[in-house]
Every structure is written in structure tokens, then in C-alpha cells.
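> In order, the protein sequences belong to chains A and B.
Here the numbering used here is used: position 41 in the first sequence is 41, and no number is missing along the way.
Residues are numbered in the numbering used here as their position in the second sequence, beginning at 1, plus a constant of 584.
For the record, the hints were derived by calculation from the structure and aren't laboratory data.
Hints may be right or wrong, so weigh each one.
[Claimed, not checked] BS3-like mimics (lysine-lysine), calculated; alpha carbons at most 30 Å apart, straight line:
# : chain 1 : residue 1 : chain 2 : residue 2
1 : A       : Lys418    : B       : Lys644
2 : B       : Lys639    : A       : Lys583
3 : A       : Lys24     : B       : Lys591
4 : B       : Lys790    : A       : Lys24
5 : A       : Lys401    : A       : Lys364
6 : B       : Lys743    : A       : Lys243
7 : B       : Lys639    : A       : Lys214
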Amino acid sequence: MLRILMSAVLAVGALPAAARSASKNPGIFTYLTIADADSVDPAWAYDTASGLVILNVYEPLFQYDGTSTEKLLPLIAEKVPSRDNGLISPDGRTYTIPLRKGIKFHDGSPMTAEDVRWSLLRFLLVDRAAGPSSLLLEPLVGYPSTRGDDGEILAHVWNDVNRAVTLRGDDIVLRLPRPYAPLLSILAAWAPVLPKAWAGKNGDWDGGEASWHKFNDPSKETSPFFDKANGTGPFKLERWDRKTKEFLLTRNDRYWRAPAKLQTVVIKSVSEFGTRKLMLQAGDADTIYADRPLISQLQDIPGITVLDDQPTVEMNPVVFFTYRINQVANAFVGSGRLDGAGIPLDFFSDKDVRKGFAHAFDFKGFLADVMRGKGTQATGAIPKSLPGHDPNGRTYRFDLKKAEEHFRKAWGGQAWEKGFKFTIAFNSGNLPRQTVCQILKRNVEALNPKFKIDVRAVEWPTFLDAYKASKLPVFVMGWHADYPDPHNFAFPLLHSKGDYPATQKFKDPEFDRLIDAANAETDPSKRKQIYAQLQALEFEEAPHLVIVDAVRYRTQRDWVKGWFNNPIFPDSPYGSYFYTLSKD
Amino acid sequence: MLRYILKRLAFLPLVVFGVTALLFLCLQFLSPEMRASLYIKDPRQLSQIESVIEKYGLRKPMPVQYALWLKEVAHGELGYSETAKMPVSEAIRAFFPATFELTLISFIPIMITGIYFGVLSAVHRDKFIDHFTRFVAITGYSLPSFVLGLLLLMVFYGKLHWLPPGRYTLETDMLVHAEGFRHWTGILTFDCLLNGEWAAYVDVVKHMLLPAATLLYISVALLLRITRSSMLEELSKDYVRTARAKGLPENVVIYKHALANALIPVVTLASLLFIGLLGGVVITETVFDFPGIGRWGVQAAQQLDVPGVLGATMLAAFLFVTANLASDILYAVVDPRIRVGD
Chain A
1 MLRILMSAVL AVGALPAAAR SASKNPGIFT YLTIADADSV DPAWAYDTAS
51 GLVILNVYEP LFQYDGTSTE KLLPLIAEKV PSRDNGLISP DGRTYTIPLR
101 KGIKFHDGSP MTAEDVRWSL LRFLLVDRAA GPSSLLLEPL VGYPSTRGDD
151 GEILAHVWND VNRAVTLRGD DIVLRLPRPY APLLSILAAW APVLPKAWAG
201 KNGDWDGGEA SWHKFNDPSK ETSPFFDKAN GTGPFKLERW DRKTKEFLLT
251 RNDRYWRAPA KLQTVVIKSV SEFGTRKLML QAGDADTIYA DRPLISQLQD
301 IPGITVLDDQ PTVEMNPVVF FTYRINQVAN AFVGSGRLDG AGIPLDFFSD
351 KDVRKGFAHA FDFKGFLADV MRGKGTQATG AIPKSLPGHD PNGRTYRFDL
401 KKAEEHFRKA WGGQAWEKGF KFTIAFNSGN LPRQTVCQIL KRNVEALNPK
451 FKIDVRAVEW PTFLDAYKAS KLPVFVMGWH ADYPDPHNFA FPLLHSKGDY
501 PATQKFKDPE FDRLIDAANA ETDPSKRKQI YAQLQALEFE EAPHLVIVDA
551 VRYRTQRDWV KGWFNNPIFP DSPYGSYFYT LSKD
Chain B
585 MLRYILKRLA FLPLVVFGVT ALLFLCLQFL SPEMRASLYI KDPRQLSQIE
635 SVIEKYGLRK PMPVQYALWL KEVAHGELGY SETAKMPVSE AIRAFFPATF
685 ELTLISFIPI MITGIYFGVL SAVHRDKFID HFTRFVAITG YSLPSFVLGL
735 LLLMVFYGKL HWLPPGRYTL ETDMLVHAEG FRHWTGILTF DCLLNGEWAA
785 YVDVVKHMLL PAATLLYISV ALLLRITRSS MLEELSKDYV RTARAKGLPE
835 NVVIYKHALA NALIPVVTLA SLLFIGLLGG VVITETVFDF PGIGRWGVQA
885 AQQLDVPGVL GATMLAAFLF VTANLASDIL YAVVDPRIRV GD
């Protein structure tokens, strides 16, 4: 019996690996990832996992032309405004956008110009804390939030947004308080068109002045758009199963362009890499998410293509320090005091603590071992793919002596004497971020036996909620460009109203001043100088720790056709704009 | 027998009180704010934490808090699980049926294999079959489940394309979510049968075979060893010698006389095994991407999702109490001395 069993196992082992030339399920495309989405409401979602679904289900006014991050094509709009075609006024403050006709939503109702106007207004007015609304509030009304520092809604918001977004016949007219060069790029990725009537029927904002306050900064799950979608895009959201962490998209056969070649798209979260890899090998997945350290396990497998050196417009991973931690129901801060069993809530407001951490990180080791030599150490928040990047910016070096010097000075010597204990978090399944946490833990704990750091993997949506609530003392995340402009890195990473500083509770007027000045500056060389100043200040203050300017790779079955990498797409290069894809 | 069962049932409220009191005491190590967060769904509600503390009486004397908490638990109000992104009671309803199915499909083969080979091993002591079964048992016991799971996946899925991971294929997914499909029991295999969907039934079972095989291999070892040692002890007793001397067929001696007496420790182990499987088999569920209660419970623990952990613990405690009662009753069935003594 033993011999029979042994022979059977050996025989099975000798079988060739699956290298099928024809795809297993020609009309079905399956993408296996590690993160479930946060919400599919385009006015709420501000993470890549959610953005991937939105990209394929909804449509904004414009789209990027193939791999270009500069050239735009009309999508819902009929033309891309320019000064040449007269759709941008000579003073650069009025944009007239003619809209395409004959487009229908997934439920069959026709899309109107009023739907477009309402969608833009909703995107501006929902303005959830640390959400995407600031992307359009800034250019269209000149301020990044509908609420003041006291959290109260500003009285003039309604008039301002209605002045900024109007209809002239079937054209949308946008009036800006001042010229804003990246506006069209923003409109190529954000504020897609939603159906106003469907929203009203399902309990969302009806467009009226009287009710909009109720929908400002809402709870995530209160909107019908949270888990349902009715867009104009090439795919319909059939189902989001939160139990199995799976999205099912089906082809929109009434799409206004030719229908997609794929009939069904499955986006599924599978946390175990071994399972993802086996499903790719077996042909049950067409592409999978895999971090840089895993590339050697995916190369040279018959039937599988690894496309390396894909450019990115991102800063990832970044270690963020929370200056004022939210203590309420917070298990990440230990005792909440500097007593060796916890940290005080403003522990990271001390610059020496942050610098201690910065010098305790082994950048070279991380680049060599985790990134497999791909990429370079980041010199500031603005990546090298964008203007404004300062290649000569100062960087931290791994130096445990310097780290110790800073920790000895921190909190008047109390931090060194009493020690501390807290938890660093990263989103589960993300290997580079996990390694960043482990390197920090190992090196900082080695400095003083009284320093204790726990590392905890947290599921993506839970992680987002904890981070938004400012409950994470130190967390590792990244920033993927919303539009290709340095302001989109400077603002969310360093401005007090930006996505990260707002949750870190980091506020420095000098940072804000420089960012606002750079954004208003139209002379590229002067703008670059301001950004260089900003990045010098970033080094000095160290509100976060940028690590690597990276390139990425994509793994897919070789029967996948039509994929192109636009680094602006959410979840690029793993996720896809599925419309162009097909399988042999 | 009935008296014995009733007596055991009478103990049940006492056990439930003990379990809930223990869980409640564990909760008291958390601050009122942390306990209030059990009921919070949206992180922005944290600013109104005082009103939640007030609503649930979290600063009241401990006995009052306990009574209020029990009332909430009795109404199924176990809080909101951040990990599952749904209320705990809903999460249990969502994840438990998958684990229950996996338990059912694994447990019976585990019992049959464990007992059969345990007996075989004892009867053929120090022969090839004894050495072989012990070897298989020891490797199963010492092999980490994720290694075995991945190995099985590599062979039966990666190479042979027979048994895929996950819960079901896309076709079954579409079918079970279609309007016409009625979820009679919440247990997918049963529901597929009740809806007359044979292909879907086969598909669901196919997806459970590898996790079930993993569980079988890693769980059978202990059962096999206990059955073997218990059988060896019984086989050396006088009544077995007497039975053989009377000329009873060997099968009758082994299976009717010796095995019946050897089953008492096996029943205890089987009930613990059953609870263990029902409580969720974390690694197996993770490797096979099987959306069960174990994977959720561990994710909840990793992410400091207190309501999730509490819900999973309550479920495990409830299962333990129930299985314990069942094993007490089974004792009485297999060993008349117990019911007579009572």
C-alpha cells in the first residue's frame, strides 16, 4: 500500500505544470488581490481598491489617452477644452464642456446634462473627512473643505459651488476663482457621472439646497452608492459580496461605445499568496497582486508573463507619525502614558522621536532585499516622475548612533529613561509595508530594552477606519497620484488640510504657505524652487518617512491581451481598465 | 437514561452562567470607552462615546452591567465587527454555515478512519499495518496544516486541476445569488440539494474536499492513537480472553465487546474534535480561501476587533457546552455503568 501511495505521489509530481495555451474561461477575467474595497461611492472612496471598481463602472468627463499621463481624450464630454478650441477662456478661469449625447446609465435611464452638474455638486458637497472632495473644491471654489476649522459647514459653500458649476444649454460651465492648470487631469479621474433621479429615489441627496447639509460628511454606509452602482461605464456592478470579499462586474451591453470584449470580471481578495499563485498557474486567475519580494516565485513559469519596470506615480511605502492620537477606544497606544507600557497621545509631536525613527530605518537594506534593487531612495514627497521633484534633496541615512542621540533627547530624556510601548499597523498582505514595520521594530527595540513595538496586520477597510479616526500612532501607507501634478503629492502629504496631515493632526503654517504658493505659481522654474524649499522643510520636520521611489511589475497569464499601464489608474499596474482587455 | 439526561440538562444554565460571567469579567479589563466601542459602527461616532457609555450603562455597578449585557446578548446584540463590516450576530450567521458544512464533511471520515485504523493497529500490534498507521498518524500530527494544505493544493489543483480552492465556481456563485434560488437552511450543500441543483451541489462538495482532506489528515492522528491504546488495554482484559475462549468470532470479540468499551475516551476526544472543527480551522480556511468562522475570528483577534473576538468566543463557548452535553449523553449510551450510577 505504501508503495502504491508513493508511486501515485511521484507520478503526480512528474506531471507538467499547467501551461495551457488557450484560456480556461474566455469571457471571464479574474483578478486576485489582497484588499477589499472601502466603498464604491465615487464621492466617498479614496483608496485604490475602491477606485479600481469605480474606474470600470463609472465614467468621468475625460480619460487619459492610453499610457499617457498628459494627453486627454473626451469621455462623457464631447471635446477636451483648450484655449485653441475656445472652450477655455483667455483668462483661464472659465471652462465650457460640451457633453456627449445618447449615453445611458446601467438601469437604462438616459444621462442628462443635469446629471453631470448634480454629480459634480455632489462630489463637492459630500466632502467626507479626509476624502477626495478637496481635489475639486480647491480649483472650483478656492478652498479645500466645506467645513471650517471648527467643523461647522461654511455659510457660503452652497452659493460658491453653484456659482462654480452651472449649465448653459447642454454644456457644463465651470468658473474658477483663479486659473488651475491640473483641472482637466482631475476631471479625467474624479467626479464621474451618477444618476440624479436614481439617487433621489434611493434616499441620496436630491439636489436641493435644503437637504444638502444632511449629506455632508456622511457615514460611509448610509449612501445607496456605498455598495450599489448605476453608472455609464463599460461594466455593471452585479454584486459586492463582503463575506467573500468579491466583486462581480458584468458587461454593459448597452454601453455607448462598442461593448467590452470580456463578459464578466471578478475582483477577489485572497490573502494567501500561495493560493493566488496556484490559481494563476491553474488559469483560474488572469492576473494577481504580488509584491516585489515575490517576483522570483513568479518568473519563468510557463504561461505566465511578468512585466517588470512599470513606471509609477506614487510614493509607497511611507511611514506616518500621528502627532495627536485619538485615545478613545484605542488599543494601539498601550497605557496612553510615557510609563514604559504605552505612549502619551502627543508622543510623535516631539521631533526627536520622529528623527530617531528616521535614522533607525535601513534604507539600503530595504532597497536591496525587499525591492530587489529596483527603485531609488526617495528624496522627498514628490516622486521623480513629476516636475518639482528634487533629486538632490537631503535624505535620512541608517545610523543607529544618531537614532540613539535623538531618542535620548526626546521628551527631555524621559522617553529614553522610561521607555515606551505601542503598536505599528500596516494593511495585511502587503509585504513591503510589513517589512518596513519589522525593520523599525527590530532596530528601535535594539537601541533600548525599554523600547517595545508591536507590529500588527490590519485588514484594509478596518485599517482605513482606524487611520481616519487618528487611532494609529504610526502607520505605513502610500500615496498614489490622483492626477499627475506635484501639488497632488505636496497637498495630501504635507498640507494641514491634506489627507494624511489632517489625520496625523500635523499642521505647520510654513508648509501650507509654500504649498499654496507653489500651486498658484505658473512659472515652472519658480514652482520647482518652491517645491525644493518645501522638501527641505519636509526633511527637517520629518512628519513622515518617505522610503522609495519605486517601479512595479505586473503578473498575468499570457492569454491576456490589450493591457496597458497607465500609472494614474488606481491599483496600477495590478488592476486594469478592463474595457480594453480580452483573452485568447 | 431520561433522568440522567434531565440531570445533565439542569446543569446547563449553570454552565452558561459560568461562561458568560467569565467573558463578562474579561471585558471588565477594558475601559468603558473600549467597551462602548463594541457598539460603534462608524468611527466618527467615537466623538459621541459618552452617550454610548450612558446608553449601555457601562459605568454602572458590575452586577447591573452584567444584567444589562446579558440582556443585550440575549437579544443578539453582540456589537459591530469591524473585521466583518457587519454586526457580530450577522457575521456569525454569514460565516458559521460554511464552517459547519466543512465540519460535517470532515468529521464523519475522521471518525471512521481514526477508529477503524486505531482498531486495526491495536489488533495487529507491532505488525506492518501497525507501524504504517502509526507512521501516517505521526506525520499527520506533526505536519503543519498550511504545509499540508499547500501541498494538496499544488498536487490536486495546481497539477491535476481537479479540486479548486474557494467556496464555489463562478457559475455556482451566480446560481446561488440568483433570485430563484431559495436559501432554505443557509447550508449551501443542503440548499443546492433542496433546490434540485445537482451540478452546484457537486461543485460545492468538490471545493470542500481538499480542506476536508487536510483536516482529516491532521486530526485523525490523535483519534487513531487514543483508539489504539484504548483497544490495546481492552484486548488484554479477562472478558476478551473469556469471549475468545467461548469461541466467539474474532470480529464479534473486537467490534462488539472490546471496541464498545474502548470507545469511552474516544467519545471525549471526538466531542472536543468536533468543537475544534466547528470553532473554525483557521489555517485551513485561510489556505483554501474558505470563508468560515475561524478565518474571521483570527482576523478579528489580529485587528483588535473586540466585538468580533467576543462573538467568536461566545460561539465557541456555546458549542463547547452543547458538545459537552452531547458527549455526556453519549457516555451513557456507550457505558451503562454511568446511567445506572446516576
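> Now, for every hint given, state plainly whether the structure supports it.
Structure-based check of each hint:
Pair hint Lys418 of chain A plus Lys644 of chain B does not hold up; C-alpha atoms about 35 Å apart against a cutoff of 30 Å. For the suggested pair Lys639 of chain B and Lys583 of chain A, the alpha carbons sit about 56 Å apart, so the restraint of at most 30 Å is broken. A distance of roughly 60 Å separates the Cα atoms of Lys24 of chain A and Lys591 of chain B; the hinted pair therefore is violated under the 30 Å criterion. For the hint pairing Lys790 of chain B with Lys24 of chain A, the CA-to-CA distance comes to about 18 Å; that is within 30 Å, so the pair holds.
Distance check on the hinted pair: Lys401 of chain A and Lys364 of chain A sit about 17 Å apart at the alpha-carbon level, within 30 Å; holds. Simply put, Lys743 of chain B and Lys243 of chain A have alpha-carbon atoms about 29 Å apart, close enough for the 30 Å limit, and the pair holds. About 24 Å separates the Cα atoms of Lys639 of chain B and Lys214 of chain A, which keeps this hinted pair within 30 Å; it holds.
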